[in-house]
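Visitor: Okay, here's what each chain looks like letter by letter:
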Amino acid sequence: MATTQQGILDLLSPYPPGWGGVLLAGAVSTVAISACAFAVGVLLGTGGALGKLSGNRVLRLLLDLYTTVIRAVPELILIVGLYYAGTDGLNRLLAALELPPIDVNGFVAAVAVLGFVQGAYMTEVLRGAILAIPTGQIEAAKAFGMRPALRFRRVLLPALLPNALPGLANLWMSITKDSALVAVVGYQELALATRLAGASTKHYFVFFLASAFLYLAITLVSNVAFKLIEGRVRRGQPRLA
Amino acid sequence: MSFTWISSYWPLLLTGAWQTVSLLVISVAFGFVIAVGLAFAQVSGGRLTRLLARGYCTFFRGTPLLIQLWLLYYGVGSLLPMVPGIRQSLFWPILREGFFFAAVSFTLNYAAYEAEVLRGALLAVPKGELEAGQAFGLSPWKLIRRIWLPRAIRIALPTIAGEIVMQLKATPLAFTVTVMDLYAVASKVRQDTLLVYEPLLVVTLFYLALTAVIARVFRGLEAQVPVRR
Chain G
1 MATTQQGILD
11 LLSPYPPGWG
21 GVLLAGAVST
31 VAISACAFAV
41 GVLLGTGGAL
51 GKLSGNRVLR
61 LLLDLYTTVI
71 RAVPELILIV
81 GLYYAGTDGL
91 NRLLAALELP
101 PIDVNGFVAA
111 VAVLGFVQGA
121 YMTEVLRGAI
131 LAIPTGQIEA
141 AKAFGMRPAL
151 RFRRVLLPAL
161 LPNALPGLAN
171 LWMSITKDSA
181 LVAVVGYQEL
191 ALATRLAGAS
201 TKHYFVFFLA
211 SAFLYLAITL
221 VSNVAFKLIE
231 GRVRRGQPRL
241 A
Chain Z
1 MSFTWISSYW
11 PLLLTGAWQT
21 VSLLVISVAF
31 GFVIAVGLAF
41 AQVSGGRLTR
51 LLARGYCTFF
61 RGTPLLIQLW
71 LLYYGVGSLL
81 PMVPGIRQSL
91 FWPILREGFF
101 FAAVSFTLNY
111 AAYEAEVLRG
121 ALLAVPKGEL
131 EAGQAFGLSP
141 WKLIRRIWLP
151 RAIRIALPTI
161 AGEIVMQLKA
171 TPLAFTVTVM
181 DLYAVASKVR
191 QDTLLVYEPL
201 LVVTLFYLAL
211 TAVIARVFRG
221 LEAQVPVRR
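Protein chains in written order, with the numbering used here: chain G, 1 to 241; chain Z, 1 to 229.
Honestly, the hints are just simulated from the structure, not real lab data. Ideal placement from N, C-alpha and C gives every residue a C-beta, glycine not left out. One thing to keep in mind: the hints can contain errors.
If we take Cβ atoms under 8 Å as the criterion, some of the chain G residues that face chain Z in the derived model are [what the hints assert, rightly or not]:
hint : residue
1    : Pro-74
2    : Glu-75
3    : Ile-77
4    : Tyr-84
5    : Ala-85
6    : Lys-177
7    : Leu-181
8    : Ala-183
9    : Val-184
10   : Tyr-204
11   : Leu-216
Produce the entire structure from the sequences given, and follow the hints as far as they go.
Guide: Printed below as a string of structure tokens:
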């Protein structure tokens with residue numbers, strides 16, 4: 001029973017043989033995956049929302065299919081399915097172009113898959129936020145002769161952000177937690193790092209509790225950050241009750 | 001695309017579907033009961049119970065379900081056999097199964113999310129209705145049972161339907177702790193037959209169907225009470 005003599009602090013120390021460093025590195029890669037996927041999601045979501053509101057029938061039908069299917073299927077199935085389908089499809093495409101197959105980087109695959117899933121949720125959040133903008137404001141911008149890009153930057157974006165931020169904050173929280181699912185396809189982020197640490201020391205409880213608190217810390221810090229951002233984009237608006 | 005494997009795997013698919021549905025039903029049923037307690041603790045409890053309930057919700061909503069599941073299965077699961085006499089006890093055959101840990105962690109997780117929904121709904125019940133109940137001399141317990149809780153549940157119904165669908169979509173995680181649920185069956189088919197997409201597709205259709213059933217049931221429930229809009 002030599003291991004029980006070993007203190008919990010030794011196990012969690014950031015220097016080997018402690019596993020704290022591995023956990024922290026995992027946490028950093030969790031945040032990195034989440035942030036990149038969130039960014040991809042925002043891009044897809046903006047495109048999706050504008051596309052859905054553009055009035056093009058075919059485009060709208062396709063986007064409806066995208067958001068409905070992605071939001072109806074369990075995340076784990078999507079991540080595993082897209083992970084294999086994505087890498088497999090890419091290599092088939094390369095084979096068709098007579099290029100050698102490549103080994104897709106785990107980080108890129110994770111970001112692409114999570115971002116694609118986030119994009120569907122983001123589309124709905126942003127579409128709602130855009131719809132909540134009084135039409136008069138957009139018409140006024142049109143009447144001033146603003147081009148679509150300028151209109152988006154000066155009128156649409158500042159007006160939609162206060163509406164969209166609570167939804168975006170929710171999505172950020174859910175992606176930091178959903179990113180744990182890429183552990184299942186074998187990319188080492190916090191969840192998988194924890195399992196490794198637990199498996200090699202047999203102190204599963206300590207490590208999972210530690211990583212739970214790391215996730216909690218990420219959530220709580222993001223909460224504060226989003227409060228600050230919301231205060232910033234809502235400046236000049238009447239306070240909500 | 002080939003679906004010939006279904007003819008030999010359908011019994012397994014059915015047991016998988018059964019496991020998925022029972023995980024969902026167990027976690028929603030028990031989770032809801034816990035959630036009612038947590039919600040009332042946050043709305044009308046004393047300082048300490050309020051703090052505890054808030055802490056519970058923050059912890060379970062702030063950490064991934066996968067981590068909670070693994071914390072229970074690997075963490076608590078490795079500590080359990082140290083309890084003296086537990087291996088001889090009546091419950092050991094249940095306690096050593098992955099299904100038990102999956103059910104417990106899903107229940108605890110669902111309770112946290114549902115408590116948050118119910119808390120909002122409890123606060124949304126018009127004050128006048130509660131005061132009317134008090135004026136009629138209802139005891140606090142009766143007030144909760146006859147007015148406060150039923151009204152809050154009605155208010156929360158659409159959100160509860162959403163939460164249950166979310167819970168359904170979380171159940172495939174159970175396959176990581178050796179539960180033979182629907183998703184696990186799909187990955188077994190993949191290992192046996194090297195077909196990647198077909199089993200996932202079939203399983204997905206089942207989840208979609210179940211989502212549709214849940215939505216339909218809740219639409220029926222909501223229609224029970226006429227609402228003036």
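Visitor: Taking the closest Cβ pair, is G:Pro-74 under 8 Å from chain Z?
Guide: For G:Pro-74, the interface hint holds, since the closest Cβ of chain Z sits about 4 Å away, which is under 8 Å.
Visitor: With a cut-off of 8 Å on the beta carbons, see whether G:Leu-216 makes it to chain Z.
Guide: holds (4 Å)
Visitor: With a cut-off of 8 Å, does the beta carbon of G:Val-184 approach a beta carbon of chain Z closely enough for the hint to hold?
Guide: Hint holds; G:Val-184 Cβ to chain Z Cβ min 6 Å, cut 8 Å.
Visitor: Using 8 Å as the Cβ threshold, decide whether G:Ala-183 counts as touching chain Z.
Guide: holds (7 Å)
Visitor: Can you verify the interface hint for G:Ala-85: is its Cβ closer than 8 Å to any Cβ in chain Z?
Guide: Hint holds; G:Ala-85 Cβ to chain Z Cβ min 7 Å, cut 8 Å.
Visitor: Does G:Tyr-84 hold up as a contact with chain Z if the rule is Cβ-Cβ below 8 Å?
Guide: Nearest chain Z Cβ about 5 Å off; hint holds.
Visitor: When the nearest CB of chain Z is found for G:Glu-75, is that gap smaller than 8 Å?
Guide: Interface hint status for G:Glu-75: holds (6 Å vs cutoff 8 Å).
Visitor: Once the shortest beta carbon distance from G:Lys-177 to chain Z is found, is it less than 8 Å?
Guide: holds (4 Å)
Visitor: Given a cut of 8 Å on the nearest C-beta pair, is the interface hint for G:Leu-181 held or broken against chain Z?
Guide: holds (6 Å)
Visitor: So, G:Ile-77 near chain Z? Judge it on the closest CB pair being under 8 Å.
Guide: Given a least distance of 6 Å, the restraint on G:Ile-77 holds.
Visitor: Was the hint right that G:Tyr-204 lines chain Z, CB cutoff 8 Å?
Guide: Constraint on G:Tyr-204 satisfied, holds at 4 Å.
Against the hints set out earlier in the document, no violation occurs for any number.
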